[in-house]
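**Student:** Residue numbers (my numbering), protein chains in the order written: chain C, 93 to 280; chain Y, 644 to 738.
Bear in mind the hints are in silico, worked out from the structure with no lab data behind them.
Hints may contain errors.
To be verified - Derived DEER-like restraints, expressed as beta-carbon distance ranges:
| # | chain 1 | residue 1 | chain 2 | residue 2 | range |
| --- | --- | --- | --- | --- | --- |
| 1 | Y | V705 | C | L166 | 26 to 32 Å |
| 2 | Y | V705 | C | I94 | 21 to 27 Å |
| 3 | C | Y194 | Y | D701 | 19 to 25 Å |
| 4 | C | S201 | Y | T694 | 29 to 35 Å |
| 5 | Y | F711 | C | C103 | 37 to 43 Å |
| 6 | C | S201 | Y | L708 | 34 to 40 Å |
To be verified - Sample of chain C residues facing chain Y (criterion: CB under 10 Å; computed from the structure):
| # | residue |
| --- | --- |
| 7 | M93 |
| 8 | S108 |
| 9 | A111 |
| 10 | A222 |
To be verified - Derived list of chain Y stretches under chain C, where covered just means 3 residues or more per stretch with a C-beta under 8 Å from a C-beta of chain C:
| # | segment |
| --- | --- |
| 11 | 670–679 |
| 12 | 693–703 |
Remember, predicted model here, so these are calculated numbers, not experimental data.
Built from N, CA and C at the ideal position, the CB exists for glycine as well.
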Amino acid sequence: MIELIDVALLCMMAVSALAVLWLRNLFAVAMLAGSYSLMAATLYVVLDAVDVAFTEAAVGAGISTVLMLGALTLVPHEEKPSGRHALSGLVVTVGLGALLIYATLDMPSFGDAGAPVHRHVANRYIEDSAAEVGLPNVVTSVLASYRGYDTLGETTVIFTAAIGVLAVLGWGGRPGRRRPPADGETRP
Amino acid sequence: MFAAAAAALLVAMAMALVRAVAGPTVYDRILAVNAIGTKTLLMIAVVGFLTRRPEFLDIALVYALINFIGTVAVTKFVKHRHLGHPANLNGEGEL
Numbered sequence: 093m094i095e096l097i098d099v100a101l102l103c104m105m106a107v108s109a110l111a112v113l114w115l116r117n118l119f120a121v122a123m124l125a126g127s128y129s130l131m132a133a134t135l136y137v138v139l140d141a142v143d144v145a146f147t148e149a150a151v152g153a154g155i156s157t158v159l160m161l162g163a164l165t166l167v168p169h170e171e172k173p174s175g176r177h178a179l180s181g182l183v184v185t186v187g188l189g190a191l192l193i194y195a196t197l198d199m200p201s202f203g204d205a206g207a208p209v210h211r212h213v214a215n216r217y218i219e220d221s222a223a224e225v226g227l228p229n230v231v232t233s234v235l236a237s238y239r240g241y242d243t244l245g246e247t248t249v250i251f252t253a254a255i256g257v258l259a260v261l262g263w264g265g266r267p268g269r270r271r272p273p274a275d276g277e278t279r280p
Numbered sequence: 644m645f646a647a648a649a650a651a652l653l654v655a656m657a658m659a660l661v662r663a664v665a666g667p668t669v670y671d672r673i674l675a676v677n678a679i680g681t682k683t684l685l686m687i688a689v690v691g692f693l694t695r696r697p698e699f700l701d702i703a704l705v706y707a708l709i710n711f712i713g714t715v716a717v718t719k720f721v722k723h724r725h726l727g728h729p730a731n732l733n734g735e736g737e738l
């Protein structure tokens with residue numbers, strides 16, 4: 093049953109991704125991207141990656157949709173027909189996909205106890221992190237202490253991205269189109 | 644029984660997806676994506692019971708909140724053509 097749910101969700105994700113490519117109405121594309129994220133989040137829950145699903149729903153379906161709508165206020169509704177087909181892009185994408193699938197052939201099978209991820213540092217995290225870091229949650233210890241610099245870098249990236257988005261969208265109204273607020277109108 | 648419920652939810656999700664792709668109006672798409680979000684959170688709850696892990700219910704609640712915020716943002720965008728303060732209080736957004 094779980095496999096059937098996986099296949100059905102993946103098919104629907106493929107349909108919505110293709111529709112994003114084909115449709116010219118940008119609002120519809122933003123909506124379909126949101127539904128794609130929601131189905132991806134469901135797939136992650138089915139695959140038991142609940143925390144990833146959480147992030148996908150909050151960022152992919154929530155924030156991204158709002159940001160895309162914010163960008164839509166700055167552009168026309170319809171995508172301009174480009175006229176030419178980017179054949180080289182298709183070749184590069186298909187080639188990269190084939191390479192990635194080829195790379196998965198070397199990976200250990202799902203749930204393999206002898207996989208490097210289970211034999212490398214995970215045991216030390218599980219056994220010693222309570223004594224070394226002093227936190228009951230192993231994931232928090234790994235993210236905040238063992239991989240602290242990595243987390244710092246990620247936070248820097250996200251902070252920079254947020255600044256870039258704010259610079260592009262100009263939150264709080266566009267300059268030049270600002271008017272005095274009317275009665276009953278609230279500023280965010 | 645939960646398997647049947649999951650199958651029914653998948654069918655409902657597929658039909659909502661058809662409406663989201665076909666349109667034709669903006670409101671069809673908003674409602675379709677909102678329906679897909681609702682089906683998603685029901686699906687998470689059903690999968691939780693299907694795999695005997697009912698603690699997934701908390702996640703489904705958070706999904707309901709996210710879905711609501713997203714729909715509010717979309718409807719505000721359609722009405723005002725802006726996410727912050729309304730750009731045009733009199734006219735409705737046109738898409």
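**Student:** Compare the structure with each hint and give your call.
**Tutor:** Hint check:
V705(Y) and L166(C) have their C-beta atoms about 30 Å apart, which keeps the hinted 26 to 32 Å range intact. In this structure, V705(Y) and I94(C) meet the distance hint of 21 to 27 Å, their C-beta atoms being roughly 22 Å apart. In this structure, Y194(C) and D701(Y) break the distance hint of 19 to 25 Å, their C-beta atoms being roughly 40 Å apart. Here the CB-CB span from S201(C) to T694(Y) is close to 21 Å, at odds with the stated 29 to 35 Å.
F711(Y) and C103(C) have their C-beta atoms about 27 Å apart, which leaves the hinted 37 to 43 Å range violated. Look at S201(C) against L708(Y): about 38 Å separates their beta carbons, and that is inside 34 to 40 Å. Annotation: M93(C) was flagged as interfacial toward chain Y, and the flag holds, the nearest CB pair being 5 Å apart, inside 10 Å. For S108(C), the interface hint holds, the least distance from its beta-carbon to any beta-carbon of chain Y being 6 Å, beneath 10 Å.
At about 4 Å, the closest approach between the beta carbon of A111(C) and any beta carbon in chain Y falls short of 10 Å, and the interface hint on this residue holds. The interface hint given for A222(C) is violated, since its Cβ lies 23 Å from the closest Cβ of chain Y, which is over the 10 Å cut-off. Here's how the segment 670–679 of chain Y fares: 5 of its residues keep a CB closer than 8 Å to some CB of chain C, so the rule of at least three is met and the hint holds. Taking a C-beta to C-beta cut-off of 8 Å, the segment 693–703 of chain Y contributes 4 residues in contact with chain C, enough for the three needed, and the coverage statement holds.
Comparing the model with each numbered hint stated earlier shows that hints 3, 4, 5, 10 do not hold.
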